[in-house]
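Enquirer: Start from the sequences and build out the full structure, keeping to the hints where you can.
Keeping their order, the protein sequence lines are chains D and R. Position 115 (the first sequence) corresponds to 164 in our numbering; numbering is contiguous. Position 141 (the second sequence) corresponds to 158 in our numbering; numbering is contiguous.
Each statement offered as a hint is correct.
Some, not all, of what chain D presents toward chain R, calculated at C-beta under 8 Å: (1) Q119; (2) D123; (3) A167; (4) R175; (5) L176.
Residues from chain D shown here face chain R by an in silico Cβ test under 10 Å; the list is partial: (6) E81; (7) V82; (8) Y83; (9) G89; (10) A91; (11) P110; (12) K116; (13) V122; (14) H126; (15) D163.
Since the hints were derived computationally from the structure, they do not count as laboratory data. Bear in mind that the values here come from a model prediction, so they are computed numbers and not experimental data. Glycine is no exception: its CB is placed at the ideal position from the N, C-alpha and C atoms.
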Amino acid sequence: MKVALFVTGELELGGLQKALERRFPGHEFDCEVYQVGRHGRAEPFPSFTSGAVSPDARLLPEDPLIKLAQRVVDHQHEGADLVLLLDDLELANLDQAGVVVDRVRAAFTQLVRDREVARGSVAANRLARWLRETVSFHLAAPMIESWLFADPDGLPHAGVPAARLPSPPHLGPNPEHVTLTDPAYLNDDGADCACCEQPGCEDQPKKSRPVWLLNGVQGHRERHPKAALAWLLKNRSEDKCSTYRESKHGAESLGRLNWPAALRDPTAMTFLRALHNDLAEGLGEPGLVLPGNLAPETMFWPGRADAVLRNV
Amino acid sequence: MIPDPWTLRIEDLRTLEKVEWSPDGVCVVVGPNGSGKTTLLNALMLLSLVFTRDMDTALRLVSPAQLRRVSAAANDPVVLDLTLGAVRWVLMLPAAEYGLQGFYGEELYHQDRLVLRSPLLSQQAQIDGAPFTIDPDERRCLTRVLWDRDEPEWLRPMAGWLRSLRIYKDWLLHRLRQPWQRGDSFSYLSNTGDNLWTVLDTWDATRTYRGQLRWVIEKLRLAFPTQLESIEFAPGVRVFRPNAPLPGQGLPPDVLADGLLTALLQLTAVTGAKEGSTLAFDEMENQLHPFAIRVILGAMREEAERKGLTILLTTHSPEVLNEFRGDEERVFVLGEPGRTQPVALADLVHEDELPIAYIGERYLRERFAPQSALASTRR
Chain D
50 MKVALFVTGE
60 LELGGLQKAL
70 ERRFPGHEFD
80 CEVYQVGRHG
90 RAEPFPSFTS
100 GAVSPDARLL
110 PEDPLIKLAQ
120 RVVDHQHEGA
130 DLVLLLDDLE
140 LANLDQAGVV
150 VDRVRAAFTQ
160 LVRDREVARG
170 SVAANRLARW
180 LRETVSFHLA
190 APMIESWLFA
200 DPDGLPHAGV
210 PAARLPSPPH
220 LGPNPEHVTL
230 TDPAYLNDDG
240 ADCACCEQPG
250 CEDQPKKSRP
260 VWLLNGVQGH
270 RERHPKAALA
280 WLLKNRSEDK
290 CSTYRESKHG
300 AESLGRLNWP
310 AALRDPTAMT
320 FLRALHNDLA
330 EGLGEPGLVL
340 PGNLAPETMF
350 WPGRADAVLR
360 NV
Chain R
18 MIPDPWTLRI
28 EDLRTLEKVE
38 WSPDGVCVVV
48 GPNGSGKTTL
58 LNALMLLSLV
68 FTRDMDTALR
78 LVSPAQLRRV
88 SAAANDPVVL
98 DLTLGAVRWV
108 LMLPAAEYGL
118 QGFYGEELYH
128 QDRLVLRSPL
138 LSQQAQIDGA
148 PFTIDPDERR
158 CLTRVLWDRD
168 EPEWLRPMAG
178 WLRSLRIYKD
188 WLLHRLRQPW
198 QRGDSFSYLS
208 NTGDNLWTVL
218 DTWDATRTYR
228 GQLRWVIEKL
238 RLAFPTQLES
248 IEFAPGVRVF
258 RPNAPLPGQG
268 LPPDVLADGL
278 LTALLQLTAV
288 TGAKEGSTLA
298 FDEMENQLHP
308 FAIRVILGAM
318 REEAERKGLT
328 ILLTTHSPEV
338 LNEFRGDEER
348 VFVLGEPGRT
358 QPVALADLVH
368 EDELPIAYIG
378 ERYLRERFAP
388 QSALASTRR
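Expert: Next up, the structure:
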């Protein structure tokens, strides 16, 4: 079967297709690109979860979620058997996954209504049915790097040297909640980073600061897998004090993801398991379904009466 | 007014392998750089100039270099074929690397009857079945010879269309900034717009055309509400802004914004066009704010409907494309592999997707007419 992927990160754009092809051989996965950028490289879609998602804000045409949903809708007649839409939940939305999902439902519902106005109810019903049968929306919680912490080989595959690999007490049991509690990481103020003019890199532009010293990460470092990975690949003389590059290290590790290993703990990684099992069902591979808890916000269950998409 | 429909067919002209195109109303052409947008307009210009002037002048103005498509067979002529109503005019150009390698071929049909024929690379022609030897010094095309000799009524619409065709590519804005003095009258804008002030002054002085000037001013006020209230022509050209109506407060043209001048030229061209004629604007969005683009496009549509005009626009502007929502059959895409060009956007998408909410956004993301290597290989 053919699966179209709509992703919002460089890491996913670089590695998700390969990861899924390894897990579900015999099926075709194709990552849609938002655009080809100025250097001739494919760019992912802009995320709509960068800040806290508001349940009440109007969904305007320029909203990244509407633009993303419109691109998915444009794909209706491109021949994909399944469509997977994936975005990061982000720390700002960690406690409101349901709100994020509701916004997605609202966006697609609006586009179905727009179709009805433009082309009538028959065309709108066709679109609605296609969305329910074909399109799934999933979340990487809080961001895709948590998958690399869940896979025992994820960090080495991302280039983390053996000496820097965290020891078990410092690794959170569920990377979707807590990633890294090493005191050296939690207390690192960047004083030894060449890019920091002063401890804490205060008052410096965002693009020159190490990820773990960004404003949005402070107070939540232990829950930020991207910051943790950047710290594990710390290099004092590099830009942003780290050799970590999403599109390189992250994508490489994601492409080699060991899904059963990442999902070995049935109580952890519920969002990832929801994605995995939804795909397994959709691809007609029930034998590949992995046991364990599923995130209620994004789990697939057949026959759901109020579904706007396959799983939400 | 309902104009005569026309169809342009082309074979092997520069990057255009095979074209069949019958636009009407206000249409837009998009495509990657080098896909043939300007060549398409040049083909129309070539036909017009061959009829109104001669082949040498036509080739000089569209450039005689490498007319034939690079991968076309060496002896295949470049074919330009224009059908207007019941008349069909065909030119066959034996293109060399530079210019033509001999006499071009020409055929004229009326209601499928061959009226005249001049074979490729030959001076022995036929008109109405009778042999006709082309004078070696004759520069006019055979169809023009026939028109000048007999003025057949059935040829009048084609002759009028060819004479009234206007292709606007390069406005000479710097000439408009120079001091202007009243001189000869002109009621039609030149292809470069350098007679703009004279045209507007003529309209101002002539009761028949004064309404056209009023229309232009009205649209400009809408598009540039803080820039223009009125224009006066004596002495010299003065543009008056709102709230600055006194004689000493008028601005000379050399301080006018490029966008204002461009809009003035476009509106003058459109409202001054002959009924039923065709005009084209290459990259009409240049120098214009998105709001001004919307106003001018609206004005173009208004005049196109009133006067039966066909207005062809080439563009790279997402803003221009967005204005064609619901009109996707008038968005023409060049560069679609393996298809007769140009292809209407409405034919590139499933009907359920029409109207397309943001055509410009699709173009920006290279969903059609891709240019980047990556986007092109993904199609």
